[in-house]
Amino acid sequence: MLTAGFHRAALRSYTGFKSSPYTEGALFYGERLVDAKVLDAIVSQARNLTETLIEAACEPGGA
Amino acid sequence: MSPEMTAAEIRRIQTGIKEKYDRVAAEGAGCCFQYPTGREGLERQGYSPAILRDFPEKILAAFCGVGNPFSLGPLYPGEAVLDIGCGAGVDSLIAAHLVGEGGRVVGIDVTPAMLEKARINLARLRWPQASFREGEAEALPFPDAEFDAVISNGVFNLTVNKAKALQEAHRVLKPGGRLMLADMILMAALPPDRQDQVANWYQ
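Chains as they are written, first to last, in our numbering: chain A, 2 to 64; chain B, 19 to 221.
None of these hints come from the bench; they were simulated from the model. Careful, some of the hints might be misleading.
What the hints assert, rightly or not - So the derived label-pair ranges between C-beta atoms look like this: (1) His8(A) <-> Ala207(B): 57 to 65 angstroms; (2) Gly64(B) <-> Ser20(A): 14 to 22 angstroms; (3) Gln46(A) <-> Ala26(B): 29 to 37 angstroms; (4) Lys182(B) <-> Cys59(A): 49 to 57 angstroms; (5) Pro67(B) <-> Ser20(A): 42 to 50 angstroms; (6) Glu134(B) <-> Ser14(A): 28 to 36 angstroms; (7) Tyr15(A) <-> Glu119(B): 30 to 38 angstroms; (8) Ala207(B) <-> Asn49(A): 54 to 62 angstroms; (9) Ser14(A) <-> Pro159(B): 27 to 35 angstroms.
All C-beta atoms, glycine included, are put in the ideal place defined by N, C-alpha and C.
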């Protein structure tokens, strides 16, 4: 999965179903990495939002 | 794909798999697997009772998956989902239930007889967000970045070129898209007399 490009690729658990004495079901998860530019935009927006909330909280009457 | 595998062996594997699933389509899921199928299989794998309650028993009876890909994370209303190796369409239809009419689910399979079963099951629900078509994991008939999630249940172990199948799943996912995969894996070394047997693929 990693070779195919998946991010956070993991074998999460076994399912207990067996098709032979040598095999068992398993659950795998992976993500296609978010485009770096999109990720930067999300992080930037989250940072701006956090700063706005902190500034609002520090103003008189802020929480 | 094993570098030692010949073209003739690959053909035998693909023919053997197709013959097995032709039999599943004709005789039902209970005919051909060593683990629980149908409603018992779904319940043992922890599929949501609330979802199972909404499905006709004839659809649930067709389940022959090896795990529960939905246990790996949610599907959200409006998402586009691909089910690779959909068989009779049980997981595809569960995904269609989860994404709702604003979403889209496509199930693909290489066995026409199983696709026919999937279409019959879809006709029982008449959900416009689900559809089925012929296609194989190693050459997905979709453009890049088409789906929010790819699910699959007991299919990648049957693909000859697993690396290519995973590359294809990655290709059709949108950035941030998720692969939720249940599959059969080898847990112990095969005894010498079973190693390199082509029939291991589809027995």
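Which of the stated hints cannot be reconciled with the structure, identified by number in ascending sequence? 1, 3 and 5
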